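Enquirer: Start from the sequences and build out the full structure, keeping to the hints where you can.
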Amino acid sequence: MPGQSPGAAAVTVITVIFALILAPDPTSGARPAAKDVGNANATRAWLPGNYPIPLRDPGLCGHTDVVKTEFLCDPDGILTDHEADKVDYLIQEIAEAVPPYRAARCQAGRNHPGFEVAVALMRRMDDRFGRGTEFNSNHMVETLVRSWAVGGVACQVGFLILYVEEGHHVRLAAGRPLRDVAGEEEMHRVVAKIRPLLKKGKVADAIMLAIRELLSLLITNDEFLEQSETSRAPTTITLFVVVTLIAIALLLWRLWGRLPWRRSNTGRRSDDD
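Quick note, in the UniProt record's numbering, the sequence shown goes up one by one and the last residue is 273.
Don't read these hints as lab results, they were simulated from the structure.
You may find that some hints are simply not true.
[Said to hold, decoys possible] Below are the BS3-like pairs computed for lysine-lysine, each with C-alpha atoms no more than 30 Å apart in a straight line:
hint: 1; residue 1: Lys86; residue 2: Lys193
hint: 2; residue 1: Lys200; residue 2: Lys86
hint: 3; residue 1: Lys68; residue 2: Lys86
hint: 4; residue 1: Lys68; residue 2: Lys199
hint: 5; residue 1: Lys202; residue 2: Lys86
hint: 6; residue 1: Lys193; residue 2: Lys68
hint: 7; residue 1: Lys68; residue 2: Lys200
hint: 8; residue 1: Lys68; residue 2: Lys202
hint: 9; residue 1: Lys199; residue 2: Lys86
Keep in mind it's a predicted model, so treat the numbers as computed, not measured.
Expert: Have a look at this one:
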């Protein structure tokens, strides 16, 4: 360097080199990019015991700005906010029995008049014990139905849909009403129907189709439905018509006995006797 002795210049160069080596990484405190967050979620594996309960831990289920019900959980962010909003809106309409959906007959210990539909989404399940997907998914849905109290403990008027992105695995847990009218074969049919949508990445569309398919099995069976005003109307009309016809028949019978020709005929028969 100009004006410096060779020794001083060498010291300056060494100092600069050490300063560069020891300087902190300017990116070390930066927040991870969105892609990095997605990768972290992709490596997470869930057990029944650590999966969030929406009613108790809504913040852990994601989409807190759009989800209004306590029956949708997507901690890994599989759905967008817009998709979560659509699924949640359908769940809410069914739970509140907004027409064309109907109220469930059993209401014991429940907060909603309609059927309760729950959706649990995850990227991976934990298989640390090597029991396989079928066993793990069965255990998962049974635990979630109990911990979320889907459909009420006494009534069981609801069902839960579990979707695991790894392997596009779907498992359904149904309360007593749906089990009574559907059975395993019908459940498998619904899963087979939505699988093409899942493979295309249309998870929200697949979930909503499954909900409507399963619900259609329930709303065609009056045994589990609260009788609506519309359904009561035919019964009321029928009763009114029957009572009216009986009254008319009694009136005609009374009038028949008072007819003049009938009295005269009755009198002649008495004279002949």
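Enquirer: It remains to establish, for every hint, whether it holds in the given structure.
Expert: Here is how each hint holds up against the structure:
Taken as a hint, the Lys86 and Lys193 pair is honoured in the structure, with Cα atoms around 20 Å apart against an allowance of 30 Å. Of the pairs offered as hints, the one joining Lys200 and Lys86 holds, with about 18 Å between alpha carbons and a cut-off of 30 Å not exceeded. As the CA atoms of Lys68 and Lys86 are separated by approximately 11 Å, the hinted pair is consistent with the 30 Å bound. With a CA separation close to 28 Å, the supplied pair Lys68 and Lys199 stays within the 30 Å bound.
About 13 Å separates the Cα atoms of Lys202 and Lys86, which keeps this hinted pair within 30 Å; it holds. A distance of roughly 28 Å separates the Cα atoms of Lys193 and Lys68; the hinted pair therefore holds under the 30 Å criterion. About 27 Å separates the Cα atoms of Lys68 and Lys200, which keeps this hinted pair within 30 Å; it holds. Only pairs whose Cα atoms come within 30 Å are accepted, and Lys68 paired with Lys202 is accepted, the gap being roughly 22 Å.
Taken as a hint, the Lys199 and Lys86 pair is honoured in the structure, with Cα atoms around 20 Å apart against an allowance of 30 Å.
Violation of the numbered hints given earlier is absent; every hint is satisfied by the structure.
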